[in-house]
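Asker: Here's the letter readout for the chains.
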Amino acid sequence: MAGEIQVNSVTALTESGSNIVLNNVDSATNRTNLGLGSMATQNANAVALTGGSITGTTLVPTTPFSFRNRIINGNLSNPINQRGAASITTPSSGSTGYTYDRWYYDGSTATPYLYQGIEDKNVNNGTYVISWEGSGINAAWKVSTDTTAGNGPDDTTGFLSVSNGGTFTVNEGTEYSKHLWIRFDGTLANLNKVMVEEGTVATPFEHRPYGTELALCQRFFQALGGSGTNYPLASGFTSTNAFYGQGKLSKTMRASPSFSVSGTNSHFGYTQVSVGANANATPTVTANPESFLIIVTSSTSTTVNAAAYLRIEDPATKAFFDAEL
Amino acid sequence: MNEMNITSAQYVVDFEGRNTSINTTIDGITMSVPLDTANRHYAEIMRQVEAGTLVIQPADQPETP
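In order, the protein sequences belong to chains A and B. Take the first sequence: its position 216, counted from the start at 1, is 216 in this note's numbering, and no numbers get skipped. All you need for this note's numbering is the position in the second sequence, starting with 1, plus 1000.
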């Protein structure tokens, strides 16, 4: 039989079917009466923390606290820009090419687009959530092994749209076997704070230290030089009209990089005792992911088999090593 | 990656006569490309070679220092 307790004609407790229910008090009053405070509330299986701190409790997240963002150089308001691009939509030559580090722009099509490839070694199976700041942006994703023309991110086949804050799932038979391409179009100048992370809920943009972000970029691209008028690049020896030398890259790169000169070839100068010589053509380089051999030819004769060093003599000229996807 | 405009390509050899890289001009930029299939420039060079639209010239003999 059900029953109740009244205080001053107000029902305080009701019993029914062996359950006792507090009456006529709201949850906040109950929490206060029980001394629970107001920091944490729980509704069904969701706990909301609205203040205070947690001490002496082990938290075990399902995704990492740090290095959550698979996108490199996603802070486009303060980007790593080793190539010196004027903007994220301004390649150094033509209408297509890499601009800010890790970002490739193609302005040759009716719908210009921007993409970044997340290296296969960092693409595990799982659900990812994408987020960014900026209006008028559309995003899409796909995975592929190939980066050559018509097979990689320039081929729209296979791209799937995903909204800001939306999720997508990578589920390959062999994990870490395909690159993950994230592609944007729309008002690209608005794009900022790009983040792709494991999980289903977008978290605030992860600001990594600038030096850390630069190091991540240098796995894909390195611009050596630009630091004063005497940038040592390699040591070696001379022949009659050439320098043969070796140098180290500042970071181990993703693959053996391509070499090119940004600036003026004659700013590459080698010195053998008191004789200096400047390049008369683009140096020839054979590189591996960690180091390189370089041959610089000149119209100036030097002593054969003399020790020499190679430097970049003008900060406007840089040696580009490119191992981008 | 868009199709690259490759206007020249020639192997470079070391002192033992082994091919070590390719001197090439891609989209107007002179560069040295390693023989690494993970390198995007090399991958695109080989794609165009296989498509029959590019021929890599043999190397000049290296200067003996």
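Simulated from the structure, these hints should not be mistaken for lab results. Only a predicted model underlies this, so the values are computations on that prediction, with no experimental measurement involved. Mixed in with the good hints there might be a few duds.
A few chain A residues that face chain B, going by a derived Cβ cut-off under 10 Å, partial list only [what the hints assert, rightly or not]:
(1) Gly84
(2) Ala86
(3) Val261
(4) Asn288
Beta carbons are placed, not taken as given, at the ideal position from N, Cα and C, and that holds for glycine.
Asker: Compare the structure with the hints numbered earlier in the document and write down the numbers of the violated ones, lowest to highest.
Answerer: Violated hints (numbers, rising): 1 and 2; every other hint is consistent with the structure.
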